[in-house]
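Please assemble the complex out of the two chains, which come individually in their own frames, going by the hints.
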Amino acid sequence: MKLRRQSLLTEPPASAASDIAFILIIFFLVCASVQEEDGRPQEIPNSDKQHQSKNPIRVNIERDHLKLNGEVMGIAQFTSKLKKRLDAASDAEGKTSEALAAERTVAVRCSPTVPYDRWMEVTATIEDLGGTIALMRKVE
Amino acid sequence: MILQRRKMNADVPSMAMGDIAFLLLIFFIILARVSDDSHLKVNKAEAEELVKPQHKRVSVAIDNKKITYLNGVRINPDDLGLALYNPDGGPGARGILGDFPPGERTVLLKIDKDTPAYLFEPLIQAVAKAGGELHHVLEEKK
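The listed protein sequences derive, respectively, from chains A and B.
The first sequence runs contiguously to residue 140 in the numbering used here.
The second sequence runs contiguously to residue 142 in the numbering used here.
Hints are not guaranteed to be accurate.
Below, a list of computed lysine-lysine pairs in the DSS-like style, where the Cα atoms sit at most 25 Å apart [said to hold, decoys possible]:
#: 1; chain 1: B; residue 1: Lys-113; chain 2: A; residue 2: Lys-67
#: 2; chain 1: B; residue 1: Lys-65; chain 2: B; residue 2: Lys-113
#: 3; chain 1: B; residue 1: Lys-141; chain 2: A; residue 2: Lys-83
The calculated label-pair distances, taken between Cβ atoms and stated as ranges, are [as the list claims (entries may be wrong)]:
#: 4; chain 1: A; residue 1: Glu-121; chain 2: B; residue 2: Asn-64; range: 16 to 24 Å
#: 5; chain 1: A; residue 1: Glu-37; chain 2: B; residue 2: Leu-24; range: 36 to 44 Å
#: 6; chain 1: A; residue 1: Ala-16; chain 2: B; residue 2: Pro-102; range: 45 to 53 Å
#: 7; chain 1: B; residue 1: His-39; chain 2: A; residue 2: Ile-26; range: 15 to 23 Å
#: 8; chain 1: A; residue 1: Thr-113; chain 2: B; residue 2: Lys-41; range: 20 to 28 Å
Note that these hints are calculated values from the structure, not bench results.
For glycine and all other residues, C-beta sits at the position ideal for the given N, C-alpha and C.
The following block holds chain B by itself, in its conformation from the complex (with noise of 0.2 Å):
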């Protein structure tokens, strides 16, 4: 007598997709956060004829309390420039900057308005100095 064997049922139930969907979301939004400034709070200056960044590689800011962040994860300012541009670093670990060509060395410069020259202004140069494509943040003049 033959027995014949039981078919195994293997498949996923499709009623979880929504729910593994959901917890991946979640998973990839906290990741993003980590490197996103949009949490930081920067009241603007104003300027007249602003424009839109080409690129948005690099973002340095510097919130209400005064305290420099890049791309949303708090710096020493000191170590800024070599964060951005190290020509000393091998292939790889050359900065956020490394050996992109111009005009995709873009650094977006989120000041508070009220912040003085003493803390903007050596950030200013690093970025200079690094080859970086200055892009100051703005609020449209009303």
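Bound conformation, chain A alone (with noise of 0.2 Å):
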């Protein structure tokens, strides 16, 4: 006498599909949350004349070079010397700390054409020597 084999049933139940898409649509949610924002906050004040400084540092940035009061340089250049007037900014005595933070302005004035990370570039150099930037743009 032959016996018949069961045959097993190996589908997975279709009830469970709903399901399965919740969590798949779960981790690819959790995911795409996880994007990422770092980046560095920077201080633009708005024009407020009270801290406006009379005679500020003045920067221009071009695409290949950088002007520092009208002086043409390189970035390397330009680091060492900001760095050596805001320090002299800030070892002025018997100025209020307004008056500092104003001796602290750095103008920076773009060329229309430079690319933002070359802009980033030198306005985080500005504020990692501890200048504060104000820009200067033609009024159209």
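Here is the structure:
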């Protein structure tokens, strides 16, 4: 006598499909929300005349060079010269904290074609040295 | 002779709960994507010593096609200032930053690294004028 082999049911239950989809969506949502937003905070004060220096440090950003108070230089020379200038500003005696803050203002004028990564590099250097950035733009 | 009223079974089929949750999730994902800028293509500039933003109230982006977005929605750059803060607006219409106190006025800036200054500088100035606290979204320098 032949015994029939019982066929095994291997299909997953269809009712679990929506639960699987639900778990998958949660997984992808969590992955998507981990998108990194690390960066640098930057303080650009609103145009407040009380805190403006009469003779601020002037920086011009061009595509291939920088100007510090009109003098053309590269980024390394710019960093050392600006550091000296800002250190001198903070050492001044007999000045109020507001006056000292105004002395550390760096007026940044940028050529219109300078890309964002270069602008970011220069302004980050100024901030790291303790300068406060004031954007200078032509009024149209 | 008293006829007994037949009881009506009005239970919601519990089998459908998974499907309902699934559809609700899809609905909320689509809603969230509208005010999200994760679909934008931005090549980030590099910098060192990056920090995480304290708040994520607003994001302003310029993508690799040099188009400006506010919270993932395309905007005319000239309208950004008033969209962020409108001092003449009535209650509830003072812009996205409205009357939030300092420390809660963070504006994330996601700008493509090749964007020229004539496009991104007006945005930075508009954010500063609106009292926004700038946070440049960058990539760690390797």
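Consistency of the hints with the structure:
1. Lys-113(B) x Lys-67(A): holds, 22 Å
2. Lys-65(B) x Lys-113(B): Roughly 11 Å separates the two Cα atoms, so the pair holds.
3. Lys-141(B) x Lys-83(A): With a Cα-Cα distance of about 22 Å, the restraint between Lys-141(B) and Lys-83(A) holds, given a limit of 25 Å.
4. Glu-121(A) x Asn-64(B): 16 to 24 Å: This hint holds: roughly 19 Å between Cβ atoms.
5. Glu-37(A) x Leu-24(B): 36 to 44 Å: violated, 27 Å
6. Ala-16(A) x Pro-102(B): 45 to 53 Å: holds, 51 Å
7. His-39(B) x Ile-26(A): 15 to 23 Å: Once the Cβ atoms are compared, 20 Å apart, the range 15 to 23 Å for Ile-26(A) and His-39(B) holds.
8. Thr-113(A) x Lys-41(B): 20 to 28 Å: The hinted range 20 to 28 Å holds for Thr-113(A) and Lys-41(B), with Cβ atoms some 22 Å apart.
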